[in-house]
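If you want the building blocks of each chain, they are given just below.
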Amino acid sequence: MTIAGGEPAAAATAVDQGAPRRGRGFAPRYPGWLTLPSLLYYAIFFLGPMAILAVFSVSIQSGFGSVTYAFDASQFSQIFHSDLYIKVFWHTLIMATGGSLLTIAIGYPVCYWMARYLTTYKMLALLLLVVPFWTSFLIRTYALKIILDPNGYLAKDLGFNALYTWKAVGIGLVYNYLPLFILPVFASLERMDWTLVEAATDLGARPFKAFWEITLRLTLPGVVTGALLVFIPMSGEYIIPNILGGGNFEFVGNAIGDTFSGAQNWPFGSALSIALMAALSIFVIVYILFATREEQFGA
Amino acid sequence: MTQATADHASAAVTSEEIDVEFRAVTKRFGSLTAVSSVNLRVHKGEFLSLLGPSGCGKTTSLRMIAGFEQPDEGELLIGGRDVSGVPPYKRDVNTVFQQYALFPHMSILDNVAYGLKQRRVSKKERHQQAAEALELVRLVGRDTHRPSMLSGGQQQRVALARALVMNPRVLLLDEPLGALDLKLRKEMQIELKRIQDQVGITFIYVTHDQEEALSMSDRVAVMSNGVIEQLDEPRAIYDRPLTPFVADFIGDMNFIDGQVVEAADGGFAVDAGQGVVVRGRGDVARGRRVRVGIRPERMAAHPGGGDGRANSAPSEVVTKMYLGDQVQIVARLASGSEVIVREQRTSADPALDTINPGDQVAITWDEAAPHLLGDAPHAVEKETP
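These protein sequences, in sequence, are chains A and B. Just so you know, we're using my numbering here: the first sequence kicks off at 104 and counts up by one. Just so you know, we're using my numbering here: the second sequence kicks off at 18 and counts up by one.
Don't take every hint at face value.
[Claimed, not checked] Listed below are the simulated DSS-like cross-link pairs for lysine-lysine, each with C-alpha atoms no more than 25 Å apart in a straight line:
(1) B/K200 <-> A/K312
(2) B/K107 <-> A/K312
(3) B/K107 <-> B/K141
Calculated from the structure, these hints are not laboratory results.
Could you put together the complete structure from these sequences and hints?
Set out below in structure tokens:
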């Protein structure tokens, strides 16, 4: 969610720098109060639940599914002193990182090929890649389960029996979030000025070097955006480890779900959520720092 | 200027060394033949322009020299060596791109030093050479800036420095001044010429601007539909166009078609009908239907009707315009085609001041003015240049 808030702001600054700033123009000026309905919606339905989470996370469990309001940080220390939860956090981080890297490895070449070599069918190809996104996430994951099933062709004929292991979870992560990565990366490769690559080879750079120093470098902001766009939801993933991991491979999301619905321990579940958000915020802050630096040359 | 350029060119022509040579080079894109069996020898140290309208094959030719395109047929030699299959990064040529193609994420100094870095020149050394190149193009104090912070003219200088610092055998320039405004373009033309004189590198310059090509080049290759129509010194291109295309493309030209009725002693007479006879110099067979071209500034207008002699055509004034020091008259011949006459006001008939559209004038020229431009086209065309 934090990223959704951060993105438009960054985009707006970029636009401001691109267009020459004029003094008093004839452009209509909108009164600030027009944003009130939006702000109200945000305050009630976005900040509200967050506030409840924050309050719950420092409250005390008093019986099954009820809380006593207090200021008690013991939930957090419980997380950091439990090997189980440290392990779950660690798993989540590794899987989300690995999943993001694999998404880059699979998504970037596809985007590169589409943006550079397709002309007539460029948009059709993009559409085909994004179409699965129009179907329910849950349905797609169940469909993937059939492919990975121990009785399926993949397992029987090719010997790849991965269901209910971390591999199946990884495949699910990459498959489900690939379109989210492809969109921003395709957009940045689509904007790429290929004469810059010609200029680099003209100046003596071999093709791979020209790719590395020019193409990849100039599309890096898109790659970072895309990677973050898939990393964040991967870290909070609940359905994929549940269906494809079969309970053998838990993410923080599953732990939170279990704590709320199984153990009915709301304060501890809230604390887990807040801890996950705090961890993800670190990545977002790194991204924002990177993005502001990149804007200086408007790539 | 023309004199000096011509001398420079003839010096280059006599020199032995050929930097770039096209031997019957053909390049096709699908069913389109972009370059059609072109032969061209570029001499060491010369400033050669490839001039022509868009789609004439000039940029494709340049891209073949750079190595971005491979010829389908023929041989392309750089420094006497066949370069077919040699990738751009191994060729001793560098390009100044039309839209500059500066690396937006690098400083000006790093942009200029990029090629030297590929050659593994030490950081200190390449920064020093880059700084010298920037000095050569007269862009100092911008080393740490990003390209986007520079004006178009300044970016142009960086692009030039980035290619020059490589000290290539041949510098390729792809309409480098196309994006600049007129005043800046004029300045950069002079700059380019100065820089070329200073570094002595062979320049191959692609442009569709005839004025630019004529004023800067030692030789000009006029291209159309994938072939070189004429390759010569600028003055010769203007004074002695060999084909109707060149005559039409370079400067303004009036065309008159007719039958050769007399041909003797290196002179000819063409009957253009309606009592107009064009006498000129040149060898041509009697009876042929030919096209002759006459430059507007080689014609003169006199009030009153014609006297029926050769090289005099009675016509009616369509418009009269004052262009500062010149007066321009568009007149309609009896055949219906229009001609443009441009005269220096100091030397023009003073009576021209009083003529108006609709008045009768006699358009005259001397025997040296008409150019033979080959066979007249069969179709009846509107003869407005």
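Structure-inconsistent hints, enumerated in ascending order:
1
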